[in-house]
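Trainee: What follows is the residue order along each chain.
Protein chains: 2
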Amino acid sequence: MLHIQQRLDRLRKALKEKKLDAILVSNFFNILYLSEFKTLTENERESWLLLTADSCYVFSDSRYLDSKVLENNFITYLLISPENNLINYLDNIFKKERLVSCAIEEYDLKLYEFNLLKKYLQNISFIPTRQIIIRLRETKDNDEIQKIKKACEISDDCLKEVSKIITVGMMEKEIAFKMEFFIKEKGYDTSFYPIVAIDRNSAIAHYDTKINGNEKVKIGSVILIDFGVKFQNYCSDITRMFFVGQVDTQIINTYNNLKASQQSLFQKGIVSQGKKLSDVDKYCRKLIADYELPDYSHSTGHGVGLEVHEYPKISSFSEDLSKKNQVVTIEPGVYFEGKWGMRVEDTVIVNEDGLEALTKFDKEPFLIKE
Amino acid sequence: MLHIQQRLDRLRKALKEKKLDAILVSNFFNILYLSEFKTLTENERESWLLLTADSCYVFSDSRYLDSKVLENNFITYLLISPENNLINYLDNIFKKERLVSCAIEEYDLKLYEFNLLKKYLQNISFIPTRQIIIRLRETKDNDEIQKIKKACEISDDCLKEVSKIITVGMMEKEIAFKMEFFIKEKGYDTSFYPIVAIDRNSAIAHYDTKINGNEKVKIGSVILIDFGVKFQNYCSDITRMFFVGQVDTQIINTYNNLKASQQSLFQKGIVSQGKKLSDVDKYCRKLIADYELPDYSHSTGHGVGLEVHEYPKISSFSEDLSKKNQVVTIEPGVYFEGKWGMRVEDTVIVNEDGLEALTKFDKEPFLIKE
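Taken in sequence, the protein lines are chains A and B.
1 is the number of the first residue of the first sequence in the numbering used here; add one for each residue after it.
1001 is the number of the first residue of the second sequence in the numbering used here; add one for each residue after it.
One chain only, chain A, in its complex shape (with noise of 0.2 Å):
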């Protein structure tokens, strides 16, 4: 559990650096980040947690009283109940260790919530703050790595199955489901349901294959796949394309040329410690362009950890700069709508001098037999 206090040692230094005393954590990724405890949903409000200087607590009900949290001995874990709610805890922990202000979070408290905390909690200040846990969560520790890395090796896997069943007459939606079947059986989950697009609905950057999936394999069929798996709450993210039997050569120089410019990111010193991620973007924006194809909509790339986006992100507003142990995605695509479109993406971790790929799937063009 060295991981987890030294998480909750940033955060005690950045807090310091802001000069706040203490921040109330009602976010359940940044929870989860900094206690490893983790409740059912993700949306009500399940736990919370204080950090002060001295002391960590997590709140929550009784579902929760037999977690793992109760193992460490720098977090205290007090129970929610009708007799104690979280406001009675605050009152007493900010009387006892007398602080006069908490930072809470401005983009996930509910309006409700703070209105309830300014009602029964006067006497403290409470400062809407913005990112800092998430801006601790961007460069990634060695435990994170190997949960990332190890995500990484079940999506490739996953892909190595679904490029043996994928035949004509297959429709998006199948697909999808045995991929969430293959990686549900093994015991693992999802990053975010499946993008299994074929011919025009690949060109969508976007396509939501679980409302529709209804296309089907077929011959010369461009079909590009996006999905990614959790292991132990950590993701990874990969698009691949497979081309059905006689696909049009002008399709697969497209493809080789994509997969070129994604490639060449790779290069010592392209995406380095300090670079300004918005002339990642810019710069891979332009091999595109130089191969004379299409500029696409969405953006270059993207951290990911707890949550499948997250920061930096690499687009051309971006303010973020690499720095090492991020990991990130690398995804230009080209899409020419109401025919086709491709996408390269990879998981990638940034070194000190340039990117190292944790998804290794084959990028040469998959040709799927007729």
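Errors might be hidden in some of the hints.
Unchecked claim - Pairwise CB distance ranges, derived in the manner of DEER restraints:
1) B:1119 x A:169: 23 to 29 Å
2) B:1142 x A:356: 55 to 61 Å
3) A:252 x B:1062: 25 to 31 Å
4) B:1256 x A:169: 49 to 55 Å
5) A:122 x B:1123: 28 to 34 Å
6) A:274 x B:1119: 47 to 53 Å
Source of the hints: derived by calculation from the structure; they are not laboratory data.
Even glycine gets a Cβ: it sits at the ideal position worked out from N, Cα and C.
Starting from the known structure of chain A, arrange chain B on it as the hints suggest.
Mentor: For chain B alone, kept in the frame of chain A given last:
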């Protein structure tokens, strides 16, 4: 789409009664209820809805341009883009319709969203409100009832399948996975991750089969299965008990008494229009106590609809009354900690003079061969 127009009219009436000019709806399920507009995720704030006396607007981004909401003529779809953000749209509409106040959903809106609205729309007074729409959702219209009935049918079918496959040696998570597979294979979804709890785990009222789930079926086992299906966004919720081989007579007797208590609530006049639901809760607990069985720690039931937990609440603290066309669960239980527990649960509809079960899977003690 008549039901949509009726829902908007009911909301307009509710707003008028509270002297509110307009409401800005942020909650995913409330937007789905009012417009049938559905985004990919429940939490990433991909859409908003504004209802005024004269108009209804849905705001979302280009991913949803081809969505069904465009097909009716009483909702205007407005595209959020870098050039036209929500604030700009609201500003224009408020000016055009000469609005000076607007209700917001205090239980749903994030603090930073409220702060942005206040900052950029200073001429409008934003009024925190609670539960206006969720209270309308408490009684179901015909379209909703048909969908819930179908969700209940599918869950009955799933139980039939599951009853055929349970054998000695199977793990809880294996049974849960097979149920999930059965449901998703047919193109439906689960209301929540199935709870499959064997022996002493069946005594834990909110057992998490996904995280735990390693207990195996043994000869003499008590197996609790609590799950639900979503059909076209509407949920079912059902719990049944299975017993393996020669089960202790005391266990079967307890089951029969629990079943009889649950069935008693279906008698004419017990739950009928205008009854206090706290009295229904007390009545059910009294039946259990009359059999000299211990009281259960959870509520006797809850509303079911777009969400698996909605209003009304059937608990001792409930201030809700029963009303025609509420859809609720009836789910008393008996738990012996560390030994075994059982629950019998149906999704039911409230009629004028009683309850009608929508889940119909047999309640006779289900004995699985050794």
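Trainee: Would you pick out the hints that fail for this structure and give their numbers low to high?
Mentor: Structure breaks hints 1 and 6.
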